[in-house]
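Trainee: Each residue of the sequence shown is one higher than the one before, counting from 4 in the working numbering.
These are computed hints drawn from the structure, not numbers from a lab. Just so you know, these numbers come straight off a predicted model, no measurement behind them. Yeah, the Cβ is synthetic: ideal placement off N, Cα and C, and Gly gets one too. Check before you lean on any hint, since a few could be wrong.
[As the list claims (entries may be wrong)] The following label-pair restraints were derived from C-beta to C-beta distances: (1) Asp32 with Gln10: 27 to 37 angstroms; (2) Glu11 with Asp32: 27 to 37 angstroms; (3) Ile49 with Ala7: 10 to 20 angstroms; (4) Ile49 with Ile27: 31 to 41 angstroms; (5) Glu34 with Val5: 11 to 21 angstroms; (6) Glu46 with Ile8: 13 to 23 angstroms; (7) Leu45 with Glu11: 11 to 21 angstroms; (8) Phe26 with Ile49: 29 to 39 angstroms; (9) Leu15 with Lys44: 28 to 38 angstroms; (10) Glu48 with Leu4: 22 to 32 angstroms; (11) Ala7 with Asp32: 36 to 46 angstroms; (12) Ala7 with Arg35: 30 to 40 angstroms; (13) Cys9 with Ser31: 29 to 39 angstroms; (14) Ala7 with Ala37: 29 to 39 angstroms.
[Stated by the list, open to error] In silico EDC-like links for lysine to aspartate or glutamate, alpha-carbon gap of 20 angstroms or less: (15) Lys20 with Glu41; (16) Lys20 with Glu39; (17) Lys20 with Glu48; (18) Lys44 with Asp32; (19) Lys20 with Glu34; (20) Lys44 with Glu34; (21) Lys22 with Glu39; (22) Lys20 with Asp32; (23) Lys44 with Glu17; (24) Lys22 with Glu46; (25) Lys22 with Glu34; (26) Lys22 with Asp32; (27) Lys20 with Asp47; (28) Lys22 with Glu41; (29) Lys22 with Glu36; (30) Lys20 with Glu36; (31) Lys22 with Glu11; (32) Lys20 with Glu46; (33) Lys44 with Glu19; (34) Lys44 with Glu21.
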Amino acid sequence: LVVAICQELGLLYEQEKEKFFEFIEGTSDVEREAIEAELAKLEDEIDPAFEEET
Numbered sequence: 004l005v006v007a008i009c010q011e012l013g014l015l016y017e018q019e020k021e022k023f024f025e026f027i028e029g030t031s032d033v034e035r036e037a038i039e040a041e042l043a044k045l046e047d048e049i050d051p052a053f054e055e056e057t
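Working from the sequences, and respecting the hints, build out all of it.
Mentor: See below:
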């Protein structure tokens, strides 16, 4: 059950990430790079938590 929940959360995360990137397509390159750097930091924090659960 825990694995299924984590897989579902991972799927939702990927869907939201896609929506987010569609949203930022209208931003400037500098803004986009700053947002992507922040997102990468968040992914580094989130990914280990998913790996620990599975």
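Trainee: If a hint holds in the structure, say so; if it does not, say that too.
Mentor: Consistency of the hints with the structure:
1. At about 34 angstroms, the beta-carbon gap between Asp32 and Gln10 stays in the expected band of 27 to 37 angstroms.
2. The hint said 27 to 37 angstroms for the Cβ distance between Glu11 and Asp32, and at roughly 34 angstroms that hint holds.
3. Remark: the range hint 10 to 20 angstroms for Ile49 to Ala7 is upheld by a beta-carbon distance near 18 angstroms.
4. A hinted range of 31 to 41 angstroms for the beta carbons of Ile49 and Ile27 is inconsistent with their spacing of about 18 angstroms.
5. Our hint of 11 to 21 angstroms for Glu34 and Val5 is violated, since their Cβ atoms are close to 38 angstroms apart.
6. Judged by the Cβ atoms, the range 13 to 23 angstroms given for Glu46 and Ile8 holds: they are separated by roughly 19 angstroms.
7. At about 19 angstroms, the beta-carbon gap between Leu45 and Glu11 stays in the expected band of 11 to 21 angstroms.
8. The supplied range of 29 to 39 angstroms is broken by Phe26 and Ile49, whose beta-carbon atoms lie about 19 angstroms from each other.
9. Leu15 and Lys44 have their C-beta atoms about 20 angstroms apart, which leaves the hinted 28 to 38 angstroms range violated.
10. Restraint check, Glu48 to Leu4: a C-beta distance of roughly 24 angstroms satisfies the suggested window 22 to 32 angstroms.
11. Here the CB-CB span from Ala7 to Asp32 is close to 39 angstroms, well matched to the stated 36 to 46 angstroms.
12. A hinted range of 30 to 40 angstroms for the beta carbons of Ala7 and Arg35 is consistent with their spacing of about 34 angstroms.
13. The hinted range of 29 to 39 angstroms is satisfied by Cys9 and Ser31, whose Cβ atoms lie roughly 35 angstroms apart.
14. For Ala7 and Ala37, the hinted distance range of 29 to 39 angstroms is satisfied, since their beta carbons lie about 35 angstroms from each other.
15. Using a Cα cut-off of 20 angstroms, the hinted pair Lys20 and Glu41 holds, with the two alpha carbons roughly 13 angstroms apart.
16. Annotation: proposed proximity of Lys20 to Glu39 holds, straight-line Cα distance about 11 angstroms (limit 20 angstroms).
17. Only pairs whose Cα atoms come within 20 angstroms are accepted, and Lys20 paired with Glu48 is accepted, the gap being roughly 15 angstroms.
18. The suggested pairing of Lys44 with Asp32 holds, with an alpha-carbon distance near 18 angstroms, which does not exceed 20 angstroms.
19. Distance hint between Lys20 and Glu34 is fulfilled; the C-alpha atoms sit about 16 angstroms from each other, no more than 20 angstroms.
20. Distance restraint check for Lys44 and Glu34: the Cα-Cα separation of roughly 16 angstroms lies within the 20 angstroms cut-off, and the hinted pair is therefore satisfied.
21. Between Lys22 and Glu39 the alpha-carbon distance is near 14 angstroms, which keeps this suggested pair within the 20 angstroms criterion.
22. Using a Cα cut-off of 20 angstroms, the hinted pair Lys20 and Asp32 holds, with the two alpha carbons roughly 18 angstroms apart.
23. The straight-line distance between the Cα atoms of Lys44 and Glu17 is roughly 16 angstroms, inside the 20 angstroms bound, and the hint therefore holds.
24. A hinted pair counts as satisfied when its Cα atoms are at most 20 angstroms apart, and Lys22 with Glu46 qualifies at roughly 16 angstroms.
25. A distance of roughly 17 angstroms separates the Cα atoms of Lys22 and Glu34; the hinted pair therefore holds under the 20 angstroms criterion.
26. Under the criterion of a C-alpha separation no larger than 20 angstroms, the hint pairing Lys22 with Asp32 is consistent with the structure, at around 18 angstroms.
27. Straight-line distance between C-alpha atoms of Lys20 and Asp47 comes to about 14 angstroms, which keeps the hinted pair within the 20 angstroms bound.
28. Taking the CA atoms of Lys22 and Glu41, the gap is about 16 angstroms. The hint holds against a cut of 20 angstroms.
29. Taking the CA atoms of Lys22 and Glu36, the gap is near 17 angstroms; set against the 20 angstroms cutoff, the hint holds.
30. Simply put, Lys20 and Glu36 have alpha-carbon atoms about 15 angstroms apart, close enough for the 20 angstroms limit, and the pair holds.
31. Restraint check for Lys22 and Glu11: satisfied, since their Cα atoms lie roughly 17 angstroms apart, inside the 20 angstroms limit.
32. A C-alpha spacing of about 11 angstroms is found between Lys20 and Glu46, which places the hinted pair at or below 20 angstroms, so the restraint holds.
33. Distance check on the hinted pair: Lys44 and Glu19 sit about 16 angstroms apart at the alpha-carbon level, within 20 angstroms; holds.
34. A threshold of 20 angstroms between alpha carbons decides the hint, and for Lys44 with Glu21 the separation of about 17 angstroms falls inside it, so the pair holds.
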